[in-house]
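*Asks:* What follows is the residue order along each chain.
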Amino acid sequence: GAVVSQHPSRVICKSGTSVKIECRSLDFQATTMFWYRQFPKQSLMLMATSNEGSKATYEQGVEKDKFLINHASLTLSTLTVTSAHPEDSSFYICSASFPSGNEQFFGPGTRLTVL
Amino acid sequence: AQSVAQPEDQVNVAEGNPLTVKCTYSVSGNPYLFWYVQYPNRGLQFLLKYITGDNLVKGSYGFEAEFNKSQTSFHLKKPSALVSDSALYFCAVRDEGTGGGNKLTFGTGTQLKVEL
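First to last, the sequence lines map onto chains A and B.
Every letter in the first sequence is one number past the one before it in our numbering, and letter 32, counting from 1, is 32.
Every letter in the second sequence is one number past the one before it in our numbering, and letter 36, counting from 1, is 36.
Hints listed in this document are in silico derivations from the structure and should not be mistaken for laboratory results.
Since the model is a prediction, treat every value here as computed from it, not as a measurement.
Do not take every clue at face value.
[As the list claims (entries may be wrong)] Heads up, simulated DMTMM-like pairs for lysine to aspartate or glutamate below, C-alpha to C-alpha not over 25 Å straight-line: (1) B:LYS103 x A:GLU52; (2) B:LYS103 x A:ASP27; (3) B:LYS103 x A:GLU63; (4) B:LYS49 x A:GLU103; (5) A:LYS41 x B:ASP54; (6) B:LYS103 x A:GLU22; (7) B:LYS113 x A:GLU59; (8) B:LYS58 x A:GLU103.
All chains should be built: construct the whole structure from the sequences, respecting the hints.
*Replies:* In structure tokens, the structure reads:
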């Protein structure tokens, strides 16, 4: 149980285009989902916390107009990287938690490469 | 604010020997502590957690960790390392004392290399 999926696993796009990444909790309802960014050989940096049916809470320094997060249902959150640039290339990982949970379950990650 | 320190960027150990990956934390309230493992180009896999109760926590794949409140540490250990344990290990903490919700703060990661 507690499986989280991400789609796509890998995406390459041209600079200036937008990319949408999906995060799904497959066998549980996740009231809260988290989006992280990981640069090579570095730790995970929390970008935003997404609660179902409400606006995401962004961490300091994360541009909310560039990284659009939607959490429309208890099993799906999406991250859209708008007008992507090469510096947005990174590994994006989502996680989800139960309504009363103290543990996060992580997706397999999405490798974004912006040319 | 909550923080986690993993003082070693890399740990090398011979297969069959015991391994320790260090982690110290700082929180204002009660800590919830986690260890995750990451293989290349993959997401994080949960190993174990400390919430309350026994200080020695046993987790997946033979790993265990000991919560030490006085030293604010939560070192990851395994009695006998395997080559397949080679991966990137992350310690994480969640502070229940400041209304931080279930936001995790991760350490910088420790690359474990187990050699034959």
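*Asks:* Any hints this thing doesn't respect? Which numbers, in order?
*Replies:* 5, 7
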